[in-house]
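Chains as they are written, first to last, in the numbering used here: chain A, 1 to 203; chain B, 1 to 195; chain C, 1 to 191; chain D, 1 to 272.
Check the hints yourself; a few may be wrong.
[To be verified] Cβ pair distances, simulated, as ranges:
{"id": "1", "chain 1": "D", "residue 1": "67", "chain 2": "C", "residue 2": "13", "range": "47 to 53 angstroms"}
{"id": "2", "chain 1": "A", "residue 1": "13", "chain 2": "B", "residue 2": "133", "range": "47 to 53 angstroms"}
{"id": "3", "chain 1": "C", "residue 1": "157", "chain 2": "A", "residue 2": "193", "range": "56 to 62 angstroms"}
Hint data in this document are derived by calculation from the structure and do not stem from the laboratory.
Quick caveat: nothing in here was measured; it's all calculated off a predicted structure.
C-beta atoms are modelled at their ideal positions from N, C-alpha and C, and glycine is treated no differently.
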Amino acid sequence: MNNLKQIFLRGIFQDNPVLILMIGLCSVLAVSVTTINAIGMTAAYSFVLIGSELTISAIRNFIPKTLRIPIFIIVIGAFTTIIQLLVKAYSPSLDKSLGIFIPLIVVNCIIIGRVEAFSSKNNLIASLADSLGMSVGYGLVIVSIAFIRELLGSGTIFGIPVYPPFIKPMLIFVLPPGAFFIIGIEIAILNAINKKLSRNKGQ
Amino acid sequence: MELLQQIFTILINSIFAQNFVFIRFLALCSFVGMTTSMENSIGMGSAVTFVTVMASVISYALYYFILVRFGLEYLQTITFILTIAVFVQLVELYLKKAIPTLYRAMGIYLPLIATNCMILAVTLLNITEHYSLTMAIVFSLGASIGYTLALILLAGIRSKMRFNTIPKFLQGYPIIFITASFIAIAFLGLQGIAR
Amino acid sequence: MKSSTKEIVVLGITLGLVSMIAALGLSITYSVTKPVIAMQAKKALENAQKEIFPDALEFVRQEDMIGKTNGSTIIKDFYIANSSENTRIGYLVSATTPGYGGIIYFIIGVTMDGRLKSVKVSEHTETPGLGANITSKGFLGQFVNKKLSDEFVVKKDVKAITAATISSKAITKGIKALIDLSQNSEAGDTK
Amino acid sequence: MSPIITTVLWSSVVLLIIGILFGVMLGYFSKVLAVQEDPRIVSIAELLPGANCGACGFTGCTNLAENIVQGKAPIDRCKQLDSKSAIEISSILGIEIDSSNFTKKVAIVRCQGSVDNATQQVIVKDVPTCKLAVTLKMYAKTCLHSCIGYGDCANVCPYNAITIGSKGLPVVDSMLCTGCGLCVSTCPRKVIELIPYGKQVLALCNNQNKGKEVKDACKVGCIACMLCVKKCPKNAIRMENNLPVIDRKLCDVCGICVEACPMKTIRFIHEA
Chain A
1 MNNLKQIFLR
11 GIFQDNPVLI
21 LMIGLCSVLA
31 VSVTTINAIG
41 MTAAYSFVLI
51 GSELTISAIR
61 NFIPKTLRIP
71 IFIIVIGAFT
81 TIIQLLVKAY
91 SPSLDKSLGI
101 FIPLIVVNCI
111 IIGRVEAFSS
121 KNNLIASLAD
131 SLGMSVGYGL
141 VIVSIAFIRE
151 LLGSGTIFGI
161 PVYPPFIKPM
171 LIFVLPPGAF
181 FIIGIEIAIL
191 NAINKKLSRN
201 KGQ
Chain B
1 MELLQQIFTI
11 LINSIFAQNF
21 VFIRFLALCS
31 FVGMTTSMEN
41 SIGMGSAVTF
51 VTVMASVISY
61 ALYYFILVRF
71 GLEYLQTITF
81 ILTIAVFVQL
91 VELYLKKAIP
101 TLYRAMGIYL
111 PLIATNCMIL
121 AVTLLNITEH
131 YSLTMAIVFS
141 LGASIGYTLA
151 LILLAGIRSK
161 MRFNTIPKFL
171 QGYPIIFITA
181 SFIAIAFLGL
191 QGIAR
Chain C
1 MKSSTKEIVV
11 LGITLGLVSM
21 IAALGLSITY
31 SVTKPVIAMQ
41 AKKALENAQK
51 EIFPDALEFV
61 RQEDMIGKTN
71 GSTIIKDFYI
81 ANSSENTRIG
91 YLVSATTPGY
101 GGIIYFIIGV
111 TMDGRLKSVK
121 VSEHTETPGL
131 GANITSKGFL
141 GQFVNKKLSD
151 EFVVKKDVKA
161 ITAATISSKA
171 ITKGIKALID
181 LSQNSEAGDT
191 K
Chain D
1 MSPIITTVLW
11 SSVVLLIIGI
21 LFGVMLGYFS
31 KVLAVQEDPR
41 IVSIAELLPG
51 ANCGACGFTG
61 CTNLAENIVQ
71 GKAPIDRCKQ
81 LDSKSAIEIS
91 SILGIEIDSS
101 NFTKKVAIVR
111 CQGSVDNATQ
121 QVIVKDVPTC
131 KLAVTLKMYA
141 KTCLHSCIGY
151 GDCANVCPYN
161 AITIGSKGLP
171 VVDSMLCTGC
181 GLCVSTCPRK
191 VIELIPYGKQ
201 VLALCNNQNK
211 GKEVKDACKV
221 GCIACMLCVK
231 KCPKNAIRME
241 NNLPVIDRKL
251 CDVCGICVEA
261 CPMKTIRFIH
271 EA
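Modelling step: build the complete structure from the supplied sequences, incorporating the hints.
If you want it as structure tokens, here you go:
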């Protein structure tokens, strides 16, 4: 059982998809303008990731070798379009703010990476643990970046202005350069934490 | 004249003003990975250019001749990404046979091209922006040239970065992102030129 | 050759089957969500229309106006607003015009007495914090009840947003183009 | 209801056709464009552990497989190869290799100077790595040959088979350990050694001094009393700079030396 817990935790710390494996950055930087968008994106993203990992680890023995990538993509594409339709139907505001980035979940490198590296080789429960870990890892990063960008860039938390009137928020953080900058700093921090974490293990 | 002017605006728009990497945040996975060396970037850039243009043509045809006729527009995401993936796999097979040297230089990144966010984004934007076929091709050309330009820019800087001292905690990926953010500031300035 | 053709057929069928199953799942969700999406779109449209013409009862769509362009402003939708006694109280035009960062979608409401009822920007990709202020009440407010015959030129009869002149000019030019378009079509109309 | 059925029908039919079309195309082209790659490379690459750890000096297992086929690299270049797949690889290549040095190698920590055994000089907590502790001479235990316990080996192990136990000594999980030897090279005091996996006896001490000096430093250190050498029926043990070295070919793991050793330094290993 602790092996599952280990897989789950690895998804958040050692193998954090965004900050350590450096994949799936497209959606993280683009959507993290407001925290609400980030939360919405994480929800949509985890739905697709969990769904695809489970389906593929269920049918992993029937996939012929040459058709590996096309079948992965069909499964992920199906889940992405399902979530896209659901979001368009039941939360139009989220759909408007996320725009093109929901269909782009299908090419999110994390999902393809995890499916190919993990769930096509492990059983269902392990894939579930891994996908949960990855979604939480992804969610933590995107929400934290979005929170910082929103606070520094547009001076609001969840849309509520918190800045006293005479301070103008630093606009650069809402624009693309700010996003690159913050994710760079966040990776540096996580590297430091991981180094400290492994050194404590040595004590 | 009107056509030329439109082509020019789209080209400038997709290369500079709306650069796919620095403004629209697309294709960052290969962007970070491939810019270790200049040849890798150029090799990757040319492969992506070829695949994007071909993918736009195929997806354009597929969308208007099949999906629209049967009223299945909602299938566009899955069909587009399927065509791209199969097309990249064919390119991979062809490269392995005809040009093994290029294949060995880019082996790991070929499957990644299939999942390259930019190619799907280009095909989807071709539809949402209602581009005609020629405009779609011009747009995909512009987008991939913009992508290659971004790759070359970062590869150049990264090859120079090896010679100066970088604070310990910034080494590795953090410094790449901070450099990218400075280049993005430059691209931000270009945003207003083409309208 | 025989065994390899069998292999190819097997590959074809597996990929075909998988995509069909995916299609089944998709189409079911699609058919379930399709009415909901349509309803959402209609509701959004009605809200927008009600906001501009609260007293109008009925909106008649003018198909022939859709797609007309003036410069780079393109009409997306055109409705005639009729009040209770079926008299026309104005018309509602939604259109797109290129802005600083990309396309701006906006809607204008024009009353029969030749005045701008209101202007609303529904979607845009202007630079957040600068160009994005074109959606603010302060900027759009100045267009309310403006006479159609005004010049609609920034710095003359329209106050621009500081540090976002290009966006302000873009939206003003868009409104002007739309008014001219609907004016001459108005003249050509039955009235 | 009928519009829903039509959309479902149409989309399944269209995607079925597209799927079949692409499947056939992929199948056909993968046959036609199949590159006459040396099939041996693919099969050898599959036999190699596939961890792409780079310990063999090549960029990953497929690269190593290519060099093995071209004869540029010996099979045992891959340290983590177990004997079964090594024999299979050699049979693919049709060459004979002696499979003796291919038994599974596992790391062992030749030190029992845990917190309660070894006398502690001063408790130094915030030294980050063993290497730093050696250079700054800031280590807790008096014994200068002992394991320092700050986890360099644990940090470097790609399979996290070696972890620092509660007693401050590294514990090797022989199931996970692939014998890649990275921990052996990183340990500044060379306390870790690669030994063939299997039941055996071994002296778990690295202290090359004699008698009293060792006694002050550690309760379980080898004081070089040579009792084990005298007692061993097969005289499989010889002393090398005050530490017993057991010859595995002669030793039949009878365990007499384990009882004879007054300091309990020689122990049974891998009993399971």
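### Hint check, failures only
Of the numbered hints given earlier, the structure breaks just one, which is hint 1.
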